[in-house]
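These protein sequence lines map, in sequence, to chains A and B.
For the first sequence, this note's numbering gives the first residue as 1, with consecutive numbering after it.
For the second sequence, this note's numbering gives the first residue as 1, with consecutive numbering after it.
Don't take every hint at face value.
Taking CB as the label site, the calculated pair distances span [as the list claims (entries may be wrong)]: (1) TYR98/B - LEU106/A: 39 to 45 angstroms; (2) LEU131/A - GLN53/B: 14 to 20 angstroms; (3) SER75/B - SER97/A: 29 to 35 angstroms.
Keep in mind the hints are simulated off the structure, nothing from the lab.
Source: prediction; values computed, not measured.
Glycine included, every Cβ here is placed at the ideal spot set by N, Cα and C.
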Amino acid sequence: MLQTVTKTKALRWLLLAFLLLLLPAATFAQQQITDDQVNEIAKDVFCPVCENTPLDVCPTVACHDWRELIRTKLAEGESREEILDYFARQYGDGVLSNPPRRGMSLIVLWILPALGVLLGLLLFSRVLRGLRAAAAEAPASPPPRPKSSTGDPTLDDYISRVEKEIED
Amino acid sequence: MTDTIQTTPPATEAPRRKIRWPMVVMWAAILALLAVLAWGLVNANASRPEAGQNAPTFNVEFFDGYEWDNRAVSSLSEMRGHPVVLNFWASWCVECRYETDAIEQAWQRYRDQGVVFLGVAYADVEPNSLAYMNEFNVTFPHAPDLGTAISKKYEITGVPETFFIDKNGVVRHVQIGPVNQQMLDTLIPQMLAE
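With the hints as extra help, turn the sequences into a complete structure.
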């Protein structure tokens with residue numbers, strides 16, 4: 001009986017010692033995340049306070065807090081995508097420089113430009129077709145005959161053009 | 001004699017009009033573009049709701065440990081019938097520190113009269129928000145501004161900003177900058193008396 005109690009106590013102490021060992025390790029891991037690693041993600045996030053300022057260069061307290069949040073999440077092992085997704089969920093798609101392809105972002109940034117290009121192509125083809133049809137419908141005017149014929153059609157054509165130019 | 005059989009010519013079917021799909025696509029694209037442009041214009045011209053205008057409704061998911069009417073999730077429309085003091089703040093906001101105590105004290109005074117106080121943490125990091133609320137011993141309902149959905153609807157330009165919304169959901173006053181005790185004790189009784 002006494003032996004069992006001693007064993008349990010020893011196990012508890014071992015567990016405590018293990019946890020105490022983990023604590024500095026976790027702190028160390030957080031310290032190991034460099035500013036460059038943080039800024040690699042922060043540059044793709046916009047400051048919530050100053051419009052159009054990336055998080056990595058913004059000096060406000062709000063941005064400092066957000067950068068620290070990125071550092072914490074990196075230390076916790078979260079990937080770049082997971083962190084950016086968290087920011088989009090928490091603060092809206094508008095804080096990301098490259099918003100995810102969903103909802104209004106999908107429509108405004110992807111579908112509408114594609115529709116615009118399609119529309120432009122259709123309009124262009126219609127205009128082109130209209131011009132071709134107009135050209136085909138116009139009666140082909142026979143080349144005007146020169147005032148005096150030489151008997152050579154090529155020469156006649158040339159002379160008639162020269163005469164027309166002189167008249168004009 | 002020959003019999004002549006007169007036959008009526010069969011009715012000719014009207015020629016079916018061919019659907020010109022490129023035209024359909026073109027008009028659909030034009031309509032879609034116009035719809036989005038209109039939507040963009042409406043949003044660009046959206047402005048902060050002023051006194052006398054209806055307060056935009058929104059959903060809130062309170063911070064852990066905070067609730068309203070025993071609900072962890074609620075909406076402004078559910079608060080209809082109660083005057084609402086909607087306060088936007090952030091832990092990084094220096095000016096917010098000047099008003100938090102006053103709002104908490106007003107909440108303690110008016111909560112039994114049915115006044116709803118709602119703090120919305122704008123663009124804040126959750127652990128910092130919780131630490132701030134702990135520092136000021138804030139007990140009135142608080143929620144994060146998830147996806148900045150609420151602040152967008154109220155078109156806030158910074159923090160702190162406070163909207164006083166009456167029982168009918170109409171904005172009675174907008175305070176840009178910190179509120180003070182005197183302001184709270186003037187506006188809340190007015191909303192209660194209506």
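Subject >> Violating hint indices (sorted, rising) >> reply: 2
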